Amino acid sequence: MAPPDINRTIDAVWRIEASRLIAGLAKMVRDVGLAEELAQEALVTAMARWPDTGVPDRPGAWLMATAKRRAIDLFRRDKLLAKKHAELQRDLEEEEQEAPDYATALDDDIGDEQLALVFTACHPILTPDTRAALTLRVVGGLATDEIARAFLVPEPTMAQRIVRAKRTLSEAGIPFEVPRGAERAERLASVLQVVYLIFNEGYAATRGDDWLRPQLCAEALRLGRILAGLAPREPEVHGLVALMEIQASRTAARTDAAGEPILLLDQDRRRWDRLLIGRGLAALARAERLGGERGLYVLQAAIAACHARARRAEDTDWRRIAGLYGVLHALAPSPVVELNRAVAVAMAEGPAAGLAIADPLLAEPSLAGYHLLPAVRGDLLFKLGRREDARAEFERAAALAKNTRERTLMLRRATEAAN
Amino acid sequence: MRFAVLVKADERTEAGELPSEQELRDMGNFNDELVKAGIMLAGEGLTDSSKGVRIRYEGGRKSVIDGPFAEAKELVAGFWILEAKSKEEVIEWMKRAPFQSGEIEIRPIFEADDFGENLTPELRAQEDRQRETMKARQEAAKG
Numbered sequence: 001m002a003p004p005d006i007n008r009t010i011d012a013v014w015r016i017e018a019s020r021l022i023a024g025l026a027k028m029v030r031d032v033g034l035a036e037e038l039a040q041e042a043l044v045t046a047m048a049r050w051p052d053t054g055v056p057d058r059p060g061a062w063l064m065a066t067a068k069r070r071a072i073d074l075f076r077r078d079k080l081l082a083k084k085h086a087e088l089q090r091d092l093e094e095e096e097q098e099a100p101d102y103a104t105a106l107d108d109d110i111g112d113e114q115l116a117l118v119f120t121a122c123h124p125i126l127t128p129d130t131r132a133a134l135t136l137r138v139v140g141g142l143a144t145d146e147i148a149r150a151f152l153v154p155e156p157t158m159a160q161r162i163v164r165a166k167r168t169l170s171e172a173g174i175p176f177e178v179p180r181g182a183e184r185a186e187r188l189a190s191v192l193q194v195v196y197l198i199f200n201e202g203y204a205a206t207r208g209d210d211w212l213r214p215q216l217c218a219e220a221l222r223l224g225r226i227l228a229g230l231a232p233r234e235p236e237v238h239g240l241v242a243l244m245e246i247q248a249s250r251t252a253a254r255t256d257a258a259g260e261p262i263l264l265l266d267q268d269r270r271r272w273d274r275l276l277i278g279r280g281l282a283a284l285a286r287a288e289r290l291g292g293e294r295g296l297y298v299l300q301a302a303i304a305a306c307h308a309r310a311r312r313a314e315d316t317d318w319r320r321i322a323g324l325y326g327v328l329h330a331l332a333p334s335p336v337v338e339l340n341r342a343v344a345v346a347m348a349e350g351p352a353a354g355l356a357i358a359d360p361l362l363a364e365p366s367l368a369g370y371h372l373l374p375a376v377r378g379d380l381l382f383k384l385g386r387r388e389d390a391r392a393e394f395e396r397a398a399a400l401a402k403n404t405r406e407r408t409l410m411l412r413r414a415t416e417a418a419n
Numbered sequence: 001m002r003f004a005v006l007v008k009a010d011e012r013t014e015a016g017e018l019p020s021e022q023e024l025r026d027m028g029n030f031n032d033e034l035v036k037a038g039i040m041l042a043g044e045g046l047t048d049s050s051k052g053v054r055i056r057y058e059g060g061r062k063s064v065i066d067g068p069f070a071e072a073k074e075l076v077a078g079f080w081i082l083e084a085k086s087k088e089e090v091i092e093w094m095k096r097a098p099f100q101s102g103e104i105e106i107r108p109i110f111e112a113d114d115f116g117e118n119l120t121p122e123l124r125a126q127e128d129r130q131r132e133t134m135k136a137r138q139e140a141a142k143g
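Protein chains in written order, with our numbering: chain A, 1 to 419; chain B, 1 to 143.
Certain hints may be false.
[Claimed, not checked] Label-pair distances were calculated between CB atoms; the ranges are: (1) B:Q100 x A:R8: 26 to 32 Å; (2) B:R25 x A:D256: 48 to 54 Å; (3) B:G45 x A:P232: 21 to 27 Å; (4) B:S101 x A:R319: 56 to 62 Å; (5) B:P19 x A:T53: 33 to 39 Å; (6) A:R8 x B:R25: 28 to 34 Å.
[Unchecked claim] A partial selection of chain B residues facing chain A, derived with a Cβ cut-off under 7 Å: (7) V35; (8) K36; (9) G38; (10) E88; (11) E89; (12) E92.
These are computed hints drawn from the structure, not numbers from a lab.
Note that the coordinates shown come from a computational prediction; the quantities given were computed from them, not determined experimentally.
Using N, Cα and C, we set each Cβ at its ideal position, and we do this for glycine too.
Take the sequences, apply the hints, and build the full model.
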């Protein structure tokens, strides 16, 4: 009996196999762009054949063998690549003698190849947006139209961006490898940044009316979890996973029936996802067990965990949060972190103490267009009973908000302050 | 989307027979793959039903019934909670599970939105009542 929808099945196989396939091919041809094209051609062949033959028992091995054959054809025509040819032919013969067992996927080699793929897709030579798109494509196994939709750009634009990215990597001769030594830390930071960028693109939706684009959050979480499997000894990887799990746990509570945002302290915490919270706290514990100095993601996860542990908003350990923001600010000074510290201190010690930290930030040029500064000041002024000042700040925040829903929220608070 | 994958019991699991070392290793490897693919949220094996109990609710009356229970095929011997893009993705993964015989069942888990808004206002009201009660108790404790 044929499966009900072969295309959906092929789609699923692709999603499962894409990164392993592309990573394996990239190791051979030493070019992620070429590897991705070979894998795509194998997929096209599968789409033509599988509806008649059914999905093979080991679809991953089938796709890999098909892609390698395609590579050999290509190399025969291109003398410059002839050196690679013999090597590939040998690989293919060995494989046909002993077809790779599914369990071989557990080999460290394959883990290393996939990690090399992540590092290459997130190479700093590409812009962060491009890194994100390429990572979703070659590691996440998403189709170009899905990535385009997620980033709100037309499909041809996204296709072009990906083509250019592959060309850039190829022309720059970026080696397909897991960086070592001092370079590794720097490159890992780029990988984590890309994953968190994807998550935030989904979580915060800075453009358009959608408060949340859950698909991107789910993809980023998946990438983070994959990364934790590939690089289990990196505390920051677990820190990032913990941060995303905990933030994602609030998804159902973040908006009301009308789609209006609900701020953290007003959320119905019983709608928080306990499974994700549990996973987030476990990931944070793993990061802390690995030791070393706490990095940016571990610290942010520790802050998110303080909220997650509080069953009621009034149980929040604000002193601890204020302290963690202090450590974070010392590690990577940022006016946004300082603004968050102002909020935590206000909660722990009262609005006046918070305002004392927030006020100097008015002189910070990088915050001039940042709507959360007037939003926070408005809130603290309101609590101090300075309603007229509060109203002006909420109106300023509304004017600066990038998101329709946030603007509405700020205008409502301005009205509230005026009455 | 989240899915529950239910592993059905059979005569062996119901007899309390433990998996062989090889079976444990294969299952461990498979779980490892699910974790590394970033799709496994949780998963557990259950003891045989002789160690379980049932509670039956009938017209407000509750009766507790000790295991074992008949009809092994209708019992659950284990489960996974997976996060995947589609049901087909779960099917493809589960085709790779190291089972030689038996049956599993894949069931989508309700998303919060599936419940609609019926649940929320009611839940909110419930929480408000609980908070009031807590407050009242705290006030009373202060005397």
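Going down the list of hints, with the structure as the test:
For Q100 (chain B) paired with R8 (chain A), a C-beta distance near 27 Å keeps the hint of 26 to 32 Å intact. Checked against the given bound of 48 to 54 Å, the beta carbons of R25 (chain B) and D256 (chain A), roughly 49 Å apart, stay inside it. Checked against the given bound of 21 to 27 Å, the beta carbons of G45 (chain B) and P232 (chain A), roughly 24 Å apart, stay inside it. With their beta carbons about 58 Å apart, S101 (chain B) and R319 (chain A) fall inside the hinted range of 56 to 62 Å.
The hinted window of 33 to 39 Å between P19 (chain B) and T53 (chain A) holds, with their beta carbons roughly 34 Å apart. As the Cβ distance of R8 (chain A) to R25 (chain B) is approximately 32 Å, the hint placing it in 28 to 34 Å holds. Here the hint on V35 (chain B) is kept, as its CB sits about 6 Å from the closest CB of chain A, short of 7 Å. Taking 7 Å as the C-beta cut-off, the interface hint given for K36 (chain B) holds, the closest approach to chain A being about 4 Å.
Annotation: interface hint on G38 (chain B) holds; nearest CB of chain A at approximately 3 Å, less than 7 Å. For the restraint placing E88 (chain B) at the interface with chain A, the shortest Cβ-Cβ distance is roughly 4 Å, inside the 7 Å limit, so the hint holds. A cut of 7 Å between beta carbons decides the hint on E89 (chain B): the least distance to chain A is about 4 Å, and the hint holds. Using the Cβ-Cβ criterion of 7 Å, the hint placing E92 (chain B) at the interface with chain A is satisfied: the shortest such distance is roughly 4 Å.
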